[in-house]
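Enquirer: Hey, can you piece these two chains together into the complex? The hints should help.
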Amino acid sequence: MKRLGLILVPYLWLLALFLVPFLIVLKISLSDTELAIPPYTPTLDIAEGWEGIKTWWAGLDLENYTWLASDDLYWKAYLSSLKIAVISTLLTLIVGYPIAYGMSRAPDEWRPTLMMLIILPFWTSFLIRVYSWKAILSNEGLLNQLLIYLGIITDPLVILNTNVAVYIGIVYTYLPFMVLPIYSALERLDESLLEAAEDLGCSRFTAFWLVTMPLSKQGIIAGSFLVFIPAMGEFVIPALLGGSKTLMIGKVLWEEFFSNRDWPVASAVAVVLLLLLIIPIVLFQRNEEKQREAQK
Amino acid sequence: MSDTARAPVCVFAPWDDIQAKPLIQFQNVTKRWGDFTAIDDLSIDIYAQEFFALLGPSGCGKTTMMRMLAGFETPTEGKILIDGQNVAPIPPNKRAVNMMFQSYALFPHLSVADNIAFGLKRDKMPTDQITARIEEMLSLVQLNKFANRKPHQISGGQRQRVALARSLAKAPKLLLLDEPLGALDKKLRQDTQFELMDIQEKTGTTFVIVTHDQEEAMTVASRIAVMDHGKIIQVDTPAKIYEEPRSIYVADFIGDVNLIEGNVSRTTEGHATISWAEGQNELTGIARNDIIPGSVATLAVRPEKLNIYTSRPKDQSNVIKGKVLDIAYLGNMSTYVIETPTGQQIKAQVANTRRIQRRQITWEDKVWLSFTETAGVVLNQ
Ligand SMILES: Nc1ncnc2c1ncn2[C@@H]1O[C@H](COP(=O)(O)OP(=O)(O)OP(=O)(O)O)[C@@H](O)[C@H]1O
Ligand SMILES: [Mg+2]
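These protein sequence lines are chains A and B, in that order. Reminder that position 9 of the first sequence reads as 13 in the numbering used here, one-by-one numbering, no gaps. Reminder that position 13 of the second sequence reads as 14 in the numbering used here, one-by-one numbering, no gaps.
Rather than coming from a laboratory, the hints here were simulated on the basis of the structure. We treat Cβ as the ideally placed atom computed from N, Cα and C, and that holds for glycine. Among the hints, erroneous ones may be present.
What the hints assert, rightly or not - Simulated crosslink set (PhoX-like; lysine-lysine; CA at most 25 Å straight-line):
1. B:K324 with A:K294
2. A:K80 with A:K249
3. A:K221 with B:K151
4. B:K174 with B:K95
5. A:K221 with B:K122
To be verified - Partner residues aside, some chain B positions facing chain A, computed with beta carbon under 10 Å:
6. F37
7. T38
8. A89
9. P90
10. P93
11. K95
12. M100
13. A106
14. L107
15. L111
16. H153
17. R167
18. K174
With the rest of the complex left out, here is chain B (with noise of 0.2 Å):
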């Protein structure tokens, strides 16, 4: 997964200037309804030109996070200021923000092109050039022949590009897209992302966007916040998320990941070894400062970093040895769940090239895996 993440090609990485003045921050966000807390004490710098992902399970808050942007809600405590300025006074309809609504939200009385044409008419916009825009509009997200259709005519991944297209077509300064892209299948999906990207690029716009789709996240995002119960996680990069995750929630919510609990023995430098079952080796991941010996962590390692072995490698070091309980064909890869003595399943990719060696692995097949120091992490939340 992690070759899908876009590499930058000038590195743009606002979060890590001093300098850099954030388009949007939330201070110290707490959002109530009654004695729920949807979103608690949240802080967070969005900067401008960013294509910021919100990731998490449903409900954790990040359609609210949303409507405290665009102003349909306001924070119970704290501030959300956006170019410096506190906008809790300003209205939805004066805040250089648009939103894609999740439910859509299409006027049901109006054609497509009507909805898209909405906003611009509210602008004053000269008619010749409203009517240009909708046409780019349309042929953008491919309804160029739907144009004329109430949206009770369209089907369902259709009105979700008109929405889609309603929202873009303002050119704003923020815009919020909750889970734009759900209901589109695969193919048009990708094309949409890399639309959106494009868009991106030519206009500057900010992009939050809302995803369940962990790799649309990794393709489009320049960084990515993962929340869970109205807090936000970890925000980093999609590369920085996925391998070096900070805690074992992010580690298990994105992607594929064996995680191995253990008691810490040493730490080295950037690095902590624990030991995690009788008659095993020791294993060794990267750690932060804050792993001491002697407590309980758990190693975090991604299936496709573990290579496997019919006989016992001699060089590495952190070796894990078991026998294979299941294999699944994916094509380019396999998936082989190896079990151990101990009876925790490890899983281990494995690219399917030619050799030999590997084709012979099969069920019941006594193995060994293995994975260099720095491909797994180790934590301890």
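For reference, chain A alone in the conformation it holds in the complex (with noise of 0.2 Å):
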């Protein structure tokens, strides 16, 4: 019986957390608009009865997603923000790694520190955040006064607004989520075997391949997912930072919702978002399955 409980809260929590939601979601993203509160049709009336459950039931429809595969604007958002999630998860990874190889690589009395100083920019809000890289990132902003002041460029360079603001963004943001897995990943690593692997012939280099790379492998997939996964819905960072140009499926979806106030669409554009990401998140989960088993 008490185990029956331990496994019951878990799934419990889910359902309330997830499963409900995305049921209303997925309800809404069958029915049509209409300009009233909430702005769609069919509404449940239980009152009703048996007659009010059919007369909903027959007021669903997949016209949403017939909508969604017609108007090229939605699959292309899709791509945009798939090649906006790849490009800056492989930014990430590149900025992130010698980031974690370094703290691992730290002596031990720093590391605490150095944990601190990646954990401490979630001390200050999200969004106050992504405002201050408006800041930097202007044309009159922190950046082009340091590079004009040097002497390196003469006219600002147009960075805010464009995609390479919102990469910038995006790989400061979600930093941590790279980091930390692959430092776990680097910090189990014993020292020896790079010993081994020098004393067998390998340069600090091939070592640094054969053995460092492949035993930090699982934290670089798990970092990945955990960049890649929120980035593809990302919504605050192009809106700020990205562009008019700047396409991305989470800035179509709000404009769905809030400018067009056509929850059905919007609702439609979630669901195909999460069917997408299914597939990342399953991926992720058995990395860390066997991750798991690894070290056993």
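Expert: Written as structure tokens, this is what we have:
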């Protein structure tokens, strides 16, 4: 009985926090828009009993999904999001790996401090941090002022409101999610393995490729998914830092919801996004399991 | 124990040859971490084709010596030469030295076979040769069935054998083995010891081996270095270490020994005599000439060198009298613990032949122990 309870708790949690909201969104995506509150139809009227459920059911259709397929804005937005998410994941990896590596090689007494520095940004609001990037990247921003002052450029670089700013924003925001899993993989790495590799004829560099890299693979995979999955649906960063040409599905979703007040289409966009993300999420879970097994 | 010592067929003793060039030279090497001295002004020559054993208590600096040879630590002071060349500037991957790590250091992401192949691949050995070499190494350590397992899927003893196979695979000029056989059962350990000696004879590889097992050191080593606190106390052949220890520390460290303290009453060429207790005969043993009359010295004599009698032996000079305190039956031999009237305990080990005289000895019996004048060593440090 007690065990059943223990198993039940996470499932109830999942039900309440994931499945129920998902079903609501799914239902809305099958509805039609209407100028009302809430702005869609049909709404279920339990009071009418069985008849009510029947009319409600009849009112649901896949119209919004065919609409998504017919307008190329949507799949272009999905593709563009995918591209931005993939590129920024790679960039985060390139920036994050050396940081994680450095942390794992640092003297023991420094590590808590370094860890703290990685986590510190989470202590201020995400929005404030993204806004401050606006101040850094704008034409009159800190970065351009500095570069002009140093004489490296004469005309300010246009970074804000371009995809470059979006990449910077995503890399900055999600860096800890990349660094921490890689760090935890590297920290477990036994120093004597590298010595053994060197002893058997490897240079430091080949030892890194043949030993350090493969042994941090799981950390790299975990970190990449932790960045890729949220980056795919990212809205705030493209909205604040990206330009009119930055096309991301999160932005489309927001516009459908709040500008067009077309909840059903917005919900359909969200459902498709979720379905697209299920594949990487499942892959991520598999990687975690494999990692747990290897540690046994 | 001395009978397990390997008798050299033809005399291999480059350390006695002034002309011989050592393969490895430690010249006044000191290694410090902060103010802790792990290796203390140590000098030693090790010759090609030796099977050199380092023996000493935990933390005395054995692994540190190995790591300096392999290139993972640099001496704080002094020089290490291999083949007459100072190795300080040579990185580990450029040294013709392979090391078997005390912690094994197997690559967890590679199979047993790939672990063994690791060093061979770095040498760009052709694939078919690598395959053949892996097979050879796997049969040597009897792990053919486990070639495709990952290190976490095999037992501790099997891991140790993989580590051994990996270090042997490249057939280096100098092989450093840090407790290579500790996790193996007795039978497998003996087999592997003989394999190692065989490899050594076939390939002429020089071995430096760390072991906690004296019997192992006795079996395999051409010379043994007994270490303590970062210093080498004595380097000698197994037989000499056992029979002619230079210090009480070495006598006590290797094998069982009776230590009898007394005053040196007189010395003759190569011998010294001590008087050690009221009412007991003086005892004579071989001695170096730093033993001077009037000083305090200790006679070290191995239990198996003592004979036990139920009546006072007539023709023997070294006689101790006492009574039987304890008897331990060990199958092929028995150990008698004898207590002298002054309360000192002395061990005698006697082979169990069918002689009635010995079988009669029992607890509380009055007995006499004796040994020859060359059986014991008189030591003053
Ligand atoms: N990196 C290090 N920093 C500080 N002290 C060290 C370091 N490595 C070893 N030591 C110290 O040096 C001494 C010798 O260590 P070493 O590993 O050589 O011992 P050992 O003879 O191999 O012992 P064991 O038989 O237990 O393996 C030990 O007291 C150890 O604590
Ligand atoms: Mg050690």
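Enquirer: What hints, given by number in increasing order, does this structure fail?
Expert: 1, 6, 7, 8, 9 and 18
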